[in-house]
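For the sequence shown, my numbering begins at -12 and goes up steadily by one.
Just so you know, not all the hints are guaranteed correct.
Said to hold, decoys possible - 25 Å max Cα-Cα, derived SDA-like pairs, lysine to any residue: (1) 54 - 9; (2) 110 - 153; (3) 130 - 56; (4) 54 - 68; (5) 54 - 99; (6) 123 - 148.
Everything labelled a hint here was simulated from the structure, so no lab data went into it.
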Amino acid sequence: MANVDIPEGRTNDFLVHGVFTVIGGAVLFYFDHWILALLCLPLAVMLFLVRSGIEIDLERREARVYKEFGWFRIGGWIQLEGYTGILLRYTSEQWARPMPAATTGVRVRTYDLLFQGSGLPEKLFHEFSTYPLARKAVDVMSKAWDLPVQDEVAEKRREAGARAAQRRR
């Protein structure tokens, strides 16, 4: 069991690139550059089908966030030797632009996986969009590398459940 793969699925990170590739292919087709136009179509499809995920090398104690283009995975490996704990933190950020009152801001909610070590700065590994994916990555790493986990998300959920139970009484 050398590598563990946790796919996140399609994240549409390259959706805009794919759209512009289709538009460029249409322009090339219009100006009778058939070969270049035909090359744009599979490239655009490949950009639309990009997947994202986490790959964990248990033996070398490394992990990476990757983008998968067909059969190719791109993403740098992060060496995690020396880190002695894992922290899972919920982050909610909201941005508002100075616009008329009728507009709303943008809210981003993420589950951040951080590594902690004595004498080492906290290392943000990845911002997950869902808690189950973040928890799965934490469970794999903590079990394989025998690292303690501080799950602030689970603690907040327990506190919220306890408060809700008290209100019902």
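Status of the hints after comparison with the structure:
1. 54 - 9: Roughly 21 Å between the alpha carbons, so the hint for residue 54 and residue 9 holds.
2. 110 - 153: violated (37 Å)
3. 130 - 56: Answer violated: residue 130 to residue 56 is near 30 Å, above 25 Å.
4. 54 - 68: holds (24 Å)
5. 54 - 99: Between residue 54 and residue 99 the Cα gap is close to 18 Å, so the pair holds against 25 Å.
6. 123 - 148: Roughly 22 Å between the alpha carbons, so the hint for residue 123 and residue 148 holds.
Of the numbered hints stated above, those contradicted by the structure are hints 2 and 3, listed in ascending order.
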